[in-house]
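> Take a look at the letters that make up each chain.
There are 2 protein chains.
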Amino acid sequence: MTTAATRQIRLVRTPAGIPTEEDFECVAVALPALEPGQVRVAPTFLSLDPYLRLQMAKRHLSGNLLPGQPVISELVGTITESNDPRLEPGQTVAGFGAWADLTTIAADGLRTLDFGALPPSLALGVLGMPGLTAYAGVSELLKPGPDDVLVVSAAAGPVGSTVGQLALARGATVIGIAGGPEKCRWVVEEAGFSACIDHRSEDIATRLRELVPQGPSQYFDNVGGELLRTILVNMKPHGRIALCGIMDDYNSDTRSPGPLPLEIIGARATLMGLVVYDYEHLRADMISTVAGLIEAKKFAWREDVSEGLESAPSAFVRLMQGRNFGKTLVHLKS
Amino acid sequence: MTTAATRQIRLVRTPAGIPTEEDFECVAVALPALEPGQVRVAPTFLSLDPYLRLQMAKRHLSGNLLPGQPVISELVGTITESNDPRLEPGQTVAGFGAWADLTTIAADGLRTLDFGALPPSLALGVLGMPGLTAYAGVSELLKPGPDDVLVVSAAAGPVGSTVGQLALARGATVIGIAGGPEKCRWVVEEAGFSACIDHRSEDIATRLRELVPQGPSQYFDNVGGELLRTILVNMKPHGRIALCGIMDDYNSDTRSPGPLPLEIIGARATLMGLVVYDYEHLRADMISTVAGLIEAKKFAWREDVSEGLESAPSAFVRLMQGRNFGKTLVHLKS
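Chains as they are written, first to last, in the working numbering: chain A, 1 to 334; chain B, 1 to 334.
Simulated from the structure, these hints should not be mistaken for lab results. All C-beta atoms in this analysis are idealised placements derived from N, C-alpha and C, irrespective of residue type, glycine included. Certain hints may be false.
Claimed, not checked - Here are a few chain B residues that sit away from chain A, every Cβ distance over 10 Å (derived from the structure):
1. 64
2. 72
3. 95
4. 112
Unchecked claim - Mimicking SDA-like on lysine to any residue, the simulated pairs with C-alpha atoms at most 20 Å apart in a straight line are:
5. B/143 - A/268
6. A/143 - B/270
7. B/236 - A/275
8. A/236 - A/263
9. A/297 - A/326
10. A/236 - B/62
11. A/143 - A/289
Can you build the whole structure from these sequences, using the hints too?
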């Protein structure tokens, strides 16, 4: 067991509003020799996810990310050194580690990947946590069927696009909401949604009433705030809403309010909070379902890949500006 | 078919905040001869309900109550004159009519009462709309069982006390929230709840954590506002909440906010809007269930009865101040 040197991306300060590249720094550090049960991983893909912004704001279930700490996210990589009998150098694994050229991870927290011909980066997107989030929301909470019209926001992202395509596979009609004509075109032409509303150029309530005069029956919410209220008050009575993400809150110190009780009662709606950590037991089902759709050519995904560790801060800034398009990843040459 | 003279309670002006007696007036009016399909009813009991305050504020699903209009509520009464072949003078009926000595009602909107030995006034309380509201919330939305701890606010009222006792009959543990020691004592000693928190003298969150360290699994909400948020953030994960009433909003021009999406997600909660009008098809089931519990001496109810038509405004004011105790009724001598 030897020590190792690596570059590492750290948080310099808690971002104010939308993060900037200056909120991060890239530093050289020495990693100590591995302890029993640890392995060294060379990441090939880092996962950039909006919840990291909430960790920086000290208000995420999974813990805080404080100034001076390395950014930890899910990643895919290759084991370079192992002090655990279950894992050996050369294996491809996924788990949580630092944004770095090399990172030390407990073997217990890693899973080996066997996606056959599918790219390992999918373990961070539609076959990973975003896929599991979508799968739990569709199969456990919303349960759409042929009579349902499901709306999903952030529809070009890995969660939203998976929600929509899983609902399509169950026979539902699916309408996306995304920002900009390029994303909306992809959502309809590649992911196969019935329609996609561009929240940058269209009035959502007006467009929704045109598309679904009787109102949608289901909504998978990645945004919160005013959008959530707008959809709720335009839903068919007895609609179901999965609350999953609060993009409206991520860059803000104030927390956007939820719908009024009067609005929830008036809509006879059911709102359900979704936390992906509760659904780890569904991961194998999710992978077989989504991989099956991919192999049947009934599933589109999109990745937004930046090259090189040093690009991670700017890629995260673009993600939090909503300027990414697809699952945001950083690729590191191994 | 003849004309008739009656006194009638009218709204004089839209109340500001908690209503006052001066918001109402008692006027003498002449009622025209009955049209086909109409009957004349002499009310024996008027139902006073919080939703009437929302009608006055022009924000209730069931319609508005404007200055100059007679107050219309559910009532029980005796038919004095009928122009419909299905109903005849002397029958006891329930339906919606004016706060008056005599009121004209369409026969289609009336139901005849046959409660056996039980008092007809129960048609306005635990065997009427409040009972149906509670029954729908318990049997269709919350579905408590022996593993559940259910909390209900406004626990001494007809909805809250019925919710709790139906949940007890299903084996759940039930905790009430009510205002003042007298109501709390009744909720525990007569209605049989495990405990009742006095929101006037106790800190609800502290008391709730003492009573249920793991958090309640269900909440039937008659209040909204801060109380709803307090219960939500102290619930067991994956709890269920029925949203039924918004006492916090009734006397206010501003509408109290709901829980934050972040709080709903963090609690993994399910919130469900309940509107009693959707559950008319359950009325017979509700009556047989509640009447069965009453006959088995497993069900307590309480009525807060004022005497005489002219007492209706002051009784409504007391209701909206939370100074009533039990189902608020006005009794009219027939």
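> So, for every hint listed, does it hold in this structure?
Here's how the hints hold up against the structure:
no.: 1; hint: 64; result: holds (15 Å)
no.: 2; hint: 72; result: holds (21 Å)
no.: 3; hint: 95; result: holds (24 Å)
no.: 4; hint: 112; result: holds (30 Å)
no.: 5; hint: B/143 - A/268; result: holds (17 Å)
no.: 6; hint: A/143 - B/270; result: holds (15 Å)
no.: 7; hint: B/236 - A/275; result: holds (14 Å)
no.: 8; hint: A/236 - A/263; result: holds (13 Å)
no.: 9; hint: A/297 - A/326; result: holds (18 Å)
no.: 10; hint: A/236 - B/62; result: holds (18 Å)
no.: 11; hint: A/143 - A/289; result: holds (15 Å)
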